[in-house]
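Chemist: Here are the chains, one letter per residue:
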Amino acid sequence: MSDALHDPGTGTPGPPATPVLSATGLTVRFGGRPALADVSLDFPRGRIVALIGPSGSGKTTLLRALCRMNELIPAAVTTGSVRFEGAELYAPEVDPAEVRRRIGVVLRESALFPGSIFHNVAFGPRASGFAGDLHALAEEVLAAVGLWAEVGGDLDLPASALSAGQRRRLCIARTLAVRPRVLLLDEPASALDPVAAARIESLIHSLAGDVAVVVATSDLRLAARVSDVTAHLDRGELVECGPTGTVFTNPRSKRTEAYLTGRIP
Amino acid sequence: MTAGGPLGGRATSVAHAGGHGAVLRPRRGAALSERLAGRVFLACAVLAGVAAMAVVGVLAWESAAFFSQVSPARLLTDPSWTPLAEEPRFGILPLVAATAQIVAGAAAVAFPLGLLTAIYLQYYAGPRTGTVLTAAVTLLAAVPTVVYGYVALNFVTPALRGILPGIGAFNAFSACLAVGVMILPTVALLSRSALAAVPHSLLETGMALGAARARVLTRAAIPAASRGIAAAMALAVARAAGETMIVTLAAGNQARLTGNPLEGLRTLTAFIAQTSMSDPAPGTIEHHALATVAAVLFLGGYAVCALARWIGRAR
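Quick mapping for you: the protein sequence lines, in order, are chains U and R. Here the first sequence stands for residues 1 to 265, numbered as in my numbering. Here the second sequence stands for residues 1001 to 1315, numbered as in my numbering.
Only chain R is shown next, with the shape it has when bound in the complex (with noise of 0.2 Å):
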C-alpha cells in the first residue's frame, strides 16, 4: 500500500542479482529436483521483475494519454485540481503541496525525536534499558498505517481540539503526528546504526581532549556519522510522502492549496487511493489523471530511496 516507488525499484534490483547467480549451478547430472529449483528460482526472479516493469509500463502508457489532453506546463502551473468538475482542471500543485506539507510536518516530529533516540540507545542507555526500548521502537514499526490513522482520526484530534479550537475533523496536523511516529523507527533504528559505525577511537580521542560526553557526541560522533543519518533521513521522507492510509483517514480529501495545519488536504496518495474507488471507466480522463498523479509519487519516491541510497554509500 505504501510507497510504491521504492519496493518496484528494489524488484527489478532483486531481478538482475538473480541473473549473476552462476557460481553455484548445478553440474550436468544434477537430479530433476536440482535442476527444477534452478527454474523455480528463476521464474520467481522474472516475475518480479516483470511486475516491476509492468507497473512501470501501465504508468507510461497511462500518462501519455493523460499528456496528449492536458500539458505537462499546465499540470504544473493550474492552481486547482478540480477532476471531476464540469470543466476539469489538473494542476497537480495542490497535491504535491499537501504531500510536502504532510512530509515536513512528519520531519518535524520524526527526526529530532528519532535522532535523539539514536544517541540514547547507542551512548546512554544501559543494557537492559536499551534492549527494551529498542523493542519499543521496533513495535511502532510493526502498527499498521491503519491503526495509526484511526488513532489519529477518533483520538488524536478529539484530544487536540481541547487545545487548538479551529481545527477540523480532517486535518494537517493530526496525521504529520501519526506520520511522524510512524516514521520515527526508520530514523531512529536506522541513525543508531550510523552511530554504532563511529570508530570507538573517535570517541575517546574527543574524551582525551578534555571534552564532555555530550560535546564529544555532538562535535564528532554525530558528524562522523551524518550521511547514514542522512540517509536514514531520506528513507524517512521517502515512507512518509508515500504513506496513503494515515493521511486519508487524519486528513480527509480536500484539494486545496492551503497550508493552514488545522484544515484537511488531500494528498497525491490519498487522491489515487480515493479516486480509485471510486471506479472511474477506464479511458476517461480521470483515469489518465490517476496514473499521471501515480507517476509523478513513483518517480518523486524512487528519486528520495536513490538519493538515500547514494548518501549512504558516498564516501
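Excised from the complex, chain U in its bound form (with noise of 0.2 Å):
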C-alpha cells in the first residue's frame, strides 16, 4: 500500500485519474507584489501533497486560494482558475460556503468555538444542513482523529479542556465532519511535542485516500515522511514539483537543493 502511494500511476488501476484538485495561473495580491504568482499545480485524488518553503513563500496563500478563504480579506485580489472535479471554483455563481464544505481547511489559527467538543464538531455540519445522527458523525470523526477514546466518548466536554496536541486533531476532526473530498492542513504540527506531532502525522497518513490531503509545513521532515508528492513554494514561485522522494533526493533545481540543505540562496 504505501509503495503504491509513493508511486503515483502504478497503484490506481486503469488510466491516471484526473486530479481532485488543479489549479491553473493562481495568482494572488493584497495589494502590491503577489503573494502567489502564476502557479500551476495538480492535486491527485487520494495522494498527500506537502508544501514547503520559507515563511513568506506563499504556502498559506496557495491553500487558502484553494477553499476561496483569501477573499474573507478584503484587499485579496485572485486571478486564474482551481477547479475541483472539473468545476471553476471562482466562477461567480459559486457559492464560497460551499466551496468551503467540499474542500475543507485547518488553518494555522484555527480557533475552538466556546463550549463543548460536541458543539464544536457539529458547528460544521449544521452550518450545512446536516439531518442525520450528529452523536454519530461526531463518533466517527473523533475515532477517526484518535479522540474518541481519550475523552471516554464524553463528547460534553469543554473544548477547553483539551491538550494543544488534542485540539489541534479536534480541529481537524471537525473539518472532517463536513466530510470534505480534499483537506488542506496548515502547520498541523507545529508547536507541538513530539509525540502529539507524531499523532497528527499517523494521522494524516490514516486520512489520505479517503480524502486528498495538503499539508503547508516547514518542516521539512514531516513533509518528507508523510507525502507522496512535495511542491517547493519560494517568494510566491512553484519552484519544483514532483514525487516526494525525487524532489528530497534528487531535486532538479538549485533554489530547491538549496532550501533542502539549509543554504540560504
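Think of the hints as simulated: they come from the structure by calculation, not from any bench.
Distance windows between CB atoms, simulated:
#: 1; chain 1: R; residue 1: A1135; chain 2: U; residue 2: A258; range: 53 to 61 Å
#: 2; chain 1: R; residue 1: V1146; chain 2: U; residue 2: A191; range: 51 to 59 Å
#: 3; chain 1: U; residue 1: E140; chain 2: R; residue 2: G1130; range: 37 to 45 Å
Some chain U residues near chain R, calculated using beta-carbon distances under 8 Å:
#: 4; residue: R100
#: 5; residue: L107
#: 6; residue: V178
Just so you know, these numbers come straight off a predicted model, no measurement behind them. All C-beta atoms, glycine included, are put in the ideal place defined by N, C-alpha and C.
Using the hints, build the complex out of the two chains.
Modeler: Rendered as C-alpha cells:
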C-alpha cells in the first residue's frame, strides 16, 4: 500500500485519474507584490501533497486560495483558475461556503468555539444542513482522529479542557465532519511536542485515500515522511513539484536543493 | 442625578488607588510645588472617599431611624406606599415594581436594538457608515435625560395616543421607550467592544467550516462575546434603574401596584425626587422613609454594577 502511495500512477487501476483539484495560473495579490505568482499545480485524488518553503513563500496563500478563504481579506485579488472535479471554483455563481464544504481547511490559527467538543464538531454539519445523527457523526470523526477514546466518549467535555495536540486533532475532526473531498492543513504539527506531532503525522497518513490531503509545512522532515508529492514554493513562485522521494533526494532546481540543505540562496 | 449607587462605589475605589501610588514619590529635596502637588492629590482622593462614606453613613443612619418605627418585614410585604396619609403605610413593593417595570420595558427596547446595532457596526458597516453611525449612537449618550423626559411627555405620549387611545398623560410606556433609547448607547457601544475582542481567527474558522457569515456571527462570535455583552446589559440595567428625570416627567407619580403600561407609576427614584422637593421636616417618618428608599436603590444599583464587573472579569 505504501509503495503504491509513493508511486502515483502504478497503484491506481485503469488510466491515470484526473486530479481532484487543479490550480492553473493562480495569482494572489494583497496589494503590491503578488503573494502567489502564476502557480499551476495538480492535486492527485486521495494523495498527500506537501507544500514546502520558507515563511512568506506563499504556502498559506496557496492553501487559502484553494478553498476561497483569501477573499475574506478585503485587499485580496485572486486571478487564475482552480478546478475541483472539473468545476471552476472561482466562477461567479459558485457559493464560497459550498466550496469550503468540499475543500475543508484547518487554518494555522484555527480557533476552538467556546463550548463543548460536540458543539465544535457539530458546527460545520449544522451549517450545511446535515440531517443525520450528529452524535454518530461526532463519534466517527473523533474516532478517526483518535480523540474518541481519549475523552472517554464524553462529547460534553469543554473543548478548552483538551491539550494542545488534542485541540489540533479536534480541529481536524471538526473539518472532517463536513465530509470534505480535499483536506487542507496549514502547519498541522507546529509547536507540538514530538509525541503529539507524531500522532498528527500518523493521522494524516490514515486520512489519505478517502480524501486528498494538502499539508503546508515548514517542517521538512514531516513533509518528507508524510507526503506523496512535494511542491516547493519560494517568494510566491512554484519552484519545483514532483514525487516526494525525487524532490528530496534529487531535486531538479538549485533553489530547491539550497532550501532542502539549509543554504540561504 | 442618575445612579448614585455606582458613582459612590467608584469614588471609593479611586481613593484606594490613590493610596498605592508610591512608585513616583518625589525625592526629599523636591521643590515645594512638587511636595504640595502630592498633598493636593491626596486631599482630592480623600475628599472623594469621604463623600462616598458620608452618603453611605447618612443613608444608614436615617434608615436605622426608619426601621425603629417600621419593621423591615412590613416594608417588604405591605402592598401600598402612602407616606403622607393619616395612617401612613410603607410598603416599598409598588415602588420596586415600578422601577422593575421601567427597567424591563427599557431593556426590551435597548437590548435587541443595541445588540443588533453593535453587530452591524462591528461586522457589516463600511468605514464611512460605521464612523457616522457610531457618532450618532454616541450622540444619544450625550443627550441630557431631562431632554428625553421632555420629548417623551410632550411628543411621544401625544403621538401614542393615536395608536393607544387609553394611554394616560403620564404613562409607563413612553417612559420605557425614552429610558430604552437613553441606555441604547451603553448596550450598543459596550457590546461592540466585546465583539471587537473576539479573535478574527474564530470568525475565519467558522467560515472555513462552510458556514455563512450571519451564522458565524450568531453561533460563534456572539457566544464568544457573551460575557462582555452581558456586562454591557447589566450596566445598562443599572442606568435604567437609577434614571429619575425621564420617569418623573413621563410616568408621573402614582404609587400603584399596577402592571398596566398605559398608566402612570412611581419609581424609587421618582419618589425620592418628588418627596425631596416637598421638603419634609427632618426627624419625621417621611424624611426617614426617603433615606430608606435611597438605600434600597443604592444597594440594588451597587449589586447590579458589581454583577456587571464580575461578569466582565470572570473567565
